[in-house]
Amino acid sequence: MKLTDRTIGIIAVICLIPISFGAYLYYLRFGQNGLNIFLGGLVTLAVYSTLYRENPIYRFVEHIYLGLAAGYGVVIAWSEVLSTQWYDPIFKQHQWLWLWILPLAIMAYFVFSKKHSWISRIPLVILSGFAAGTIFQGFVSQYFPQIQDSFKSLRPTIYTLQNPDPSPAAHILSISGAINNAIFLITLTSVLTYFFFSFEHKTKAIRGYAQVGRWLMMIGFGAIFGSTIMTRFALLVDRMYFILIEWMHLGHPII
Amino acid sequence: MQHACDNWFVAFFEGALIMLIMVRIIKSMRGSIPFIRRIPGLNAIDEAIGRATEMGKPILMIPGILGLDIVSLQALNVFTHVTRTAARFATPIRMCVCDATLYTISQEVIQDAYQAEGKPELYDPDSVRFLSDQQFAFAASVAGLIQREQVAATFFLGSFFAESLIFAEVANSVGAIQVAGTVMTTQTPFFIAACDYVIIGDEFYAASAYLSKEPVATGSLVGQDYAKLLLTFFIVLGSIIYTVTGYAGGPHVPLIHTLFADGGWTALLHSIRHLF
Amino acid sequence: MMNNTTNNETPLLEKLQKIDRRILYLILVIVIAIPTIWPINIPNAPLPMSRDLWNTINATPPNKIVLLSSTWTKNTRGENQGQMEAILNQLMSRHIRFAISTFDPRGSQVALNLVNSVAKKYGYVYGKNWVDFGYQPNGVNYVKGISVDLIQTVKRDAVLKKPLQDLPVMKGIRNADNIQIVVEISASSSQYYWIQFLKPGVKVGFACTSVMAPEAIPYYTSHQLAGILWGAKGAYDYEQLNVEHHTGGWGSGRQYMGPLSAAFGLVILSIFVGNLAMFLSRKRSRQ
Amino acid sequence: MHNWEIAQGNTIWLALAGVLLVTFIVIGLLTKLPLTLRRPLLSVLVFVSGLFYALEYFLPTHMVLDHGVLVPENFLTDLIPNIINPLAQDLSALLFGLGLFSLIRMHFNNVVRQRSGWVNSLALLVSTLSMMVFGFWSRANLHHPQWVDQVYHHLFDGVYQNMDAAMFSLIAFFILSASYRAFRIRSFEASILMTSALIVLLGLSFGGLITDKVPDYGLWSNFRIETWSSWILNIISSPGLRAIDFGVGLGGLAMGLRIWLGIEKGALFGD
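Protein chains in written order, with our numbering: chain B, 1 to 255; chain L, 256 to 531; chain U, 532 to 818; chain Z, 819 to 1089.
Note that these hints are calculated values from the structure, not bench results. Just to be clear, a hint being listed does not mean it is correct.
[Unchecked claim] Per label pair, the in silico range of CB-to-CB distance:
(1) U:I682 - Z:L877: 49 to 57 Å
(2) Z:L877 - L:E376: 46 to 54 Å
(3) B:R207 - L:M274: 28 to 36 Å
(4) L:M274 - U:P574: 16 to 24 Å
(5) B:T84 - Z:F893: 19 to 27 Å
(6) Z:M924 - U:V671: 38 to 46 Å
(7) B:A205 - Z:K1083: 35 to 43 Å
(8) Z:L877 - L:M274: 16 to 24 Å
(9) U:R815 - L:V429: 52 to 60 Å
(10) L:G430 - U:V671: 46 to 54 Å
(11) Z:F842 - L:E302: 35 to 43 Å
(12) L:G430 - Z:M924: 53 to 61 Å
(13) U:R813 - B:E200: 34 to 42 Å
Note that CB positions come from ideal geometry on N, CA and C, so glycine has one too.
Okay, chain B solo, but in the shape it has when bound (with noise of 0.2 Å):
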């Protein structure tokens, strides 16, 4: 059966009434935040509706999501930005050069003309410009003290492995660090080896090497994935326990 807007729409207004039945009773039960835990359990379950198929009630709840998210956007862009870094500064402290951003927010609203679109690039090159040129600060920040820190001793001692104070202690060389930094150095070089992209793999050597980079960079992806799972999986769990314990009352709440 074909299910038409219309009577998705009927049996959603019927839906409304057990629904809102629920609600009130939670909110006397529980007051204010019984209500968000009524509604938050809602929807939580009309998301995970998606996970059977694609469906309407997935769909309904999804727009009503996005507009939300919409409205959300404008409050923050006004509340955490405009208000206080715009608007108040011209009208209450009468900083009017402020206003010299209105032209250049003007400008990039011409994109909806059809001639004269090109203008809206301007504001989008001023800050495409800013990106650009705060790269040369990141690339040096980010990545410097990282090539300090792959400079590794083939040679390490056991005490600077374990205490980086400075003391005559026992230079006994130790062989597990050896190893270790072997390891780190061949990982680090091969895996540069696979990313170059200008000269052919021409060497037997060098394809070898590019290959053994791969594999090892896949173990660093397999150890990625592995230590991700742990968040994703204590959410899932979170959002069961408030669906069976907050939401139905299933068993017994830990605070």
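Starting from the known structure of chain B, arrange chains L, U and Z on it as the hints suggest.
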């Protein structure tokens, strides 16, 4: 390092890297087009477009979820290529954008691509959409779009975060062929698990240079290779000096260690003075 | 007979190779729901980096405070709430003064609610035992500022809107030297504010989601971070240390580890089944 | 910035009128700009705005007292927090209307033309509007009744935040199906990816129980799963990702350079 004068050595080093890149760009602009290795993910792009054409279903493109920055602009370069190929076969496209400033540029780029193929009438202004600038609202709505329109091919190129797997798995569930590429190393494993072809790290820049065949982009790519070689050289050199001096954090610090830290320039001058 | 078994087995293997994703999802929901409703306890051994954080906070002298920077929202409640609650339990049972602040405008209410609910248990009084510095939009200036003069930088507290020096909790607290440790409880990279701009010598702890942890470990080995709580496991570690030293009880850390382990087990099992089915059917097709 | 101030009173409206007048004149002139001059104009603008940060970084500094701390500054440093940052943020915030406008236009058209799914579009418009109304009303410092706060609280904490959390937690489901489907040992690469993922996963959760009986000192500790997982993270994963990052960083540096100098052909300067 807030300013260049915190360590002039590092500033000069960066200058050297920039010079390497610039020299190759200029050389390439003067006509000596350099060689670039073809990366495997590229074949997949045309394959995916072909598949969508066969099925008559749309192609979805997402230039990351960050705003107007270097990565998303690069993604748009690739998408220009995709759009032009799609325009040739009159395959419908969808593009979802997460940022208002990027949205304006994307709209123009897509329109230009249709114009360049001589088919401006195929351009549908609603094919480029701004959905939301909030991460998961955007994800929810892209997921909905993928399922409703049953897209046949997806291209996720740009900066992605936690939502990467939502896109990739939903697209997989409708049987789309997927090409993904991101500079975010934390999301690459999820794309590897869920997508058909993944462009890893640096290949992202290479892909765009290879597709556009612009002398500037290809020259720059070669320059980046030389810069990378210089970095590798320094890392190996530093490690050799550490090994020879036996240093690993002890009191006798080799010069190369201090060179890359704040005050490195002064250390260099000091040791030169010490020599004479 | 032989033929019969082959015919019976092949569809099963094929089925195992392509289990519908919805069935997997349903199994996941059940696997998580059961230990959520009827909690199970998974034994745990605290990581050294959790232990370090616990010890640092525990060693707070009476003339110092602890600053909790709580930059998380409902999104990552599963990991961050357990961590923060465990830390609060320790602080309050040891009668340590503390302050909270946030870098996320949405985070201030979440943090206040949590502290209020824990404070009820210990009879902690706002203004006397703890204080809220509120939302700090400009991270760099805030961190630089409190390194030098805390009272001047924050000026007023976020709840009573009173000048800071009028609150009894701030007695003898002037700048970052009076802070034992700053703990950043976060779902984003906000620890860099403290690592880069806080006065050198003041300790920084990091309670993060486990996505962030691998990135933070190098800073722990270089002693820039005094300790790390690794996501949900970190919360469990901390609760265990609290229980061992009678500075607090169990919370969501232990509660969530049960369902979490069950879910991990399911992931491992599904990988195993997928591979087994593929191997067997490949073998069969070769025969 | 005292010299920025003008006299009190209604002069601000005069200034606004002046700015708008100049805007219209400038835009009028821009529309008459010949095609060949567009690209040079854009290149000059991008170069000038990029030059600010470049100079700020490369020019020498002197020490200045800021918040009681001595910090190195040059004459441009002070402009970053006072002018450039607010300017960029204000401009981006004002551009938010672009996306909002296109979103609302599309869904408004859906509703007006009663296209399929217009009910959803209507829901979107209503929720946008209510979030905006109650958000402004509740967050503004004006006097407002308490129920406004409560409605905003329900919209934001009850619906919006919970949906955010629900969407975020969906990823866990997808991880399960992705790992079931993709972690087949089809190739050598897939198997090493899977193995290292499993080791790290075990090391973080109940893997410690499997090797619980192994002592955690001396050579023995090498046989504990936690040791393996942290070894993989520190010795293989971190240099591998660092090497990728070097490449990505150099690519970004080159691209930034190309944009700054206006020699990039693609999206921004394409004709």
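Results of checking the hints against the structure:
1. U:I682 - Z:L877: 49 to 57 Å: The hinted range 49 to 57 Å is violated for I682 (chain U) and L877 (chain Z), with Cβ atoms some 35 Å apart.
2. Z:L877 - L:E376: 46 to 54 Å: holds, 53 Å
3. B:R207 - L:M274: 28 to 36 Å: With Cβ atoms ~30 Å apart, the hint holds.
4. L:M274 - U:P574: 16 to 24 Å: violated, 59 Å
5. B:T84 - Z:F893: 19 to 27 Å: Check passed, 26 Å falls within 19 to 27 Å.
6. Z:M924 - U:V671: 38 to 46 Å: Given range 38 to 46 Å: holds, Cβ gap about 39 Å.
7. B:A205 - Z:K1083: 35 to 43 Å: Cβ of A205 (chain B) to Cβ of K1083 (chain Z): about 37 Å, so the range 35 to 43 Å holds.
8. Z:L877 - L:M274: 16 to 24 Å: For M274 (chain L) against L877 (chain Z), whose Cβ atoms are near 20 Å apart, the range 16 to 24 Å holds.
9. U:R815 - L:V429: 52 to 60 Å: violated, 30 Å
10. L:G430 - U:V671: 46 to 54 Å: This hint holds: roughly 48 Å between Cβ atoms.
11. Z:F842 - L:E302: 35 to 43 Å: violated, 51 Å
12. L:G430 - Z:M924: 53 to 61 Å: violated, 27 Å
13. U:R813 - B:E200: 34 to 42 Å: Cβ of R813 (chain U) to Cβ of E200 (chain B): about 35 Å, so the range 34 to 42 Å holds.
Hint check: violations occur at hints 1, 4, 9, 11 and 12; the rest are consistent with the structure.
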